[in-house]
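Number of protein chains: 2
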Amino acid sequence: MNLERTPLLTDLYELTMLQTYYEHGMTEEAVFELFMRGSPKRGFFIAAGLDQGLEWLEQLRFKAHELEWMQQTGLFTQAFVDRMADFRFTGDVMALPEGTVFFAEEPLLQIIAPLPEAQLIESRLMNILHYQTLIASKAARCVIAAGDTPVIDFGMRRAHGGEAGTWAARACYLAGFSATATCLGSARYDIPPTGTMAHAFILAHDSEMEAFERFARSHPDNVVLLIDTYDVERGARRVVEVARRLAGDGISVHGVRIDSGDLAANARLTRAILDEGGLTDTRIIVSGGLDEHRIETLLASGAPIDGVGVGSNVDTSADVPFLDSAYKLHYFRDKPRGKHSRGKTDLPGRKQVFRRLSDDGELQGDTIGLFDEKVSGSPLLEPVMQQGQRLGGADLTSLEAARSRCQNGLANLPAGLRDLQSPAAFKPELSQGLEALRERLAREAERGEV
Amino acid sequence: MNLERTPLLTDLYELTMLQTYYEHGMTEEAVFELFMRGSPKRGFFIAAGLDQGLEWLEQLRFKAHELEWMQQTGLFTQAFVDRMADFRFTGDVMALPEGTVFFAEEPLLQIIAPLPEAQLIESRLMNILHYQTLIASKAARCVIAAGDTPVIDFGMRRAHGGEAGTWAARACYLAGFSATATCLGSARYDIPPTGTMAHAFILAHDSEMEAFERFARSHPDNVVLLIDTYDVERGARRVVEVARRLAGDGISVHGVRIDSGDLAANARLTRAILDEGGLTDTRIIVSGGLDEHRIETLLASGAPIDGVGVGSNVDTSADVPFLDSAYKLHYFRDKPRGKHSRGKTDLPGRKQVFRRLSDDGELQGDTIGLFDEKVSGSPLLEPVMQQGQRLGGADLTSLEAARSRCQNGLANLPAGLRDLQSPAAFKPELSQGLEALRERLAREAERGEV
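Line by line, the protein sequences are chains A and B.
Residue numbering for the first sequence follows the working numbering, beginning at 1 and increasing consecutively.
Residue numbering for the second sequence follows the working numbering, beginning at 1 and increasing consecutively.
Keep in mind that a hint or two might mislead.
Treat identical chains as interchangeable: a pair holds within one or across any two.
[To be verified] No farther apart than 25 Å at their CA atoms in a straight line, the calculated lysine to any residue pairs in the SDA-like style are these: (1) K41 to G261; (2) K41 to D82; (3) K63 to P192; (4) K41 to R390; (5) K427 to W69.
If you're looking for bench data, these hints aren't it; they were derived computationally from the structure.
All values derive from a computational prediction rather than experimental measurement.
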């Protein structure tokens, strides 16, 4: 079973529910919405993962061995298993284009499809969009912290599995990173690859000097030397020495990387040694346990840093390792629906997000309204799939377009929302129609009419 | 490129280093070790992921389109790209069998292979073993908290990608969970599947009663009803009512699930209603934001809970979303090696872990020693691959064997290490030989002899 394609990458309950839906002819159109509840540590989210979600929907099929597995569980009727052989996703999808800045409670994805189809896809769609949105939202914070300093993704090894490592490369690039160390991410999504050497490379040589020189002669166009294996100061002096030896052959040292210790102090020390040695163009890259807060502090200290590499903290979104994502049924059989247990807000009905910008493009406010309600602002959810077929040109599907959209969205965020320590709480308004509907459904639920 | 098989699921620097190694004939045997540095929130780790790691090593090949990608980056010589067409992993591997309890600094995996082979595999091997070990270690804490109460895995949707969701099912089962909701995890690893219905199922019906009854008649052997969509008390009373209607047809309600609110109070309320209605055998399953601490508190309160479902907190190991894992060169060209920057311990040389147990099997102490040193205790690292071929029978490779090993290891942990709030710090001892070697290498590094 192909991990990236199989319909069995789902929760069992999707299948048990489907059997009952089919038995009772519950196949009319339903509307489900995917959204995130608020997170105090995130002022905003960045929509990401749609391309992979739609790709998965388009190819969704139960193959023979997948049907066999269903059968051998003993949990399903033969009629249901047989029926799943013909399962296709034939619905419509509306979504926030990738790279869109969005907020809690705003639908990121809206599925309009026969109930069983819209139900089955819940687990994997969330698995795809939740992770990439989580990482793009974290990575965007690093980009804000870094300003003009390039940020690169080193995180694959401790990302949660290979799909996460590959998607993290994509989500980080979408959010504004400049490159990734992950070859598969680079190969699949056409992201600039980056990387030179690990400490093991230095340790495998009998001397640091020999390691530096060999690497430079082997990769004359990509000379970034790791200088903290033994001692940063000694490492930096050796870089100056090796640069002299290489100069005769027209090879220059493009950069050095420092991966441990007090990065600001080490960068200053290194800059002084390099400058004194005439290597004023040699850039200093730092890495090692970085996140948006450490990047902010490092750069605010004025340390001479020309690039930052981030890894585990970003690829696992370590301070917020998951978002409170939800995929909820909001419309079925001509009736708006929603869960109304005490304490948990749920916004019923098929909705749209309306955004208001100032004349110079700054975000002023969002309103969540009913889908066909008249609300001021531009609607954000766009059609991206019709009857199971993807729509849209490059503007909807290209990663570069998503990256520009994100860059633009970040630039137009009010300052309070860009704050990394305690982001302002931004609450989309609810339209009159939506408020009225929610109250009506809540009353019905309280009275036990459902 | 197949995500699960491609050699391009690696960091670019592995490839740039390899080119230089080959150019200088640096192909002698090297020893790399994978280990975890300490984490204050984890008293112990559970080894997991070896099976997938070895599977990946056995099939490792660069295919035509992967070589093409390397070529078109412009970063490599043609000679190197051509050479990679014949790349195979031909080395030996020693490892802690899956399910082994282990501690900080103890090698979990030891690779003995020509330097370029041992280097290339770093990123993906860590990606595989780090994640499964992370999750098995977190899941084992839930198992300790739950005692005899079964724990099930619901976490795929917010796991970081599909590979993580699938491996989490495996790592949780290895650690003692009883089932998973993730179909692919069940199908691939033969783990009992579990699941019945989501809130959407209830919402799609015009009444909760109708939803309950339809589900029960559709799945008469798997009747677990979700009772908190509107109101737990009303939900529980409806279960009693529907059970009466079903009894005539020989269908019984096996369980109910509560997914929100004060779970302990809701479980008590529900138990009383079910018992009063004669449903004394109907089990109560709770879920919703659970982790080991909440499980411990819930069960300590005496709430009548028969099973717990955990999700995002476990599948992302939310309190510790990554471990400080390292893969280091410790031996090459007849010389022990290790990084010796100030402040960071690194244990050089090829090593073995020796464990001492009391007569009744309780863990007494571990010693990390040199591989061929005489140290008291049983050696834990076992040969699992020779010249690129996997070794060992079912005891080394079966998930059930790993699960028993873990269960046994947890049972034999001293109480302080099982403590979930503030686990005792367990430090493996270092052998005399290892201490002496480390001091010698540190002195050499200080003197700048490398």
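Structure-based check of all given hints:
no.: 1; hint: K41 to G261; result: between (27 Å within a copy, 23 Å between copies)
no.: 2; hint: K41 to D82; result: neither (47 Å within a copy, 49 Å between copies)
no.: 3; hint: K63 to P192; result: between (36 Å within a copy, 21 Å between copies)
no.: 4; hint: K41 to R390; result: neither (34 Å within a copy, 46 Å between copies)
no.: 5; hint: K427 to W69; result: neither (45 Å within a copy, 45 Å between copies)
Hint check: violations occur at hints 2, 4 and 5; the rest are consistent with the structure.
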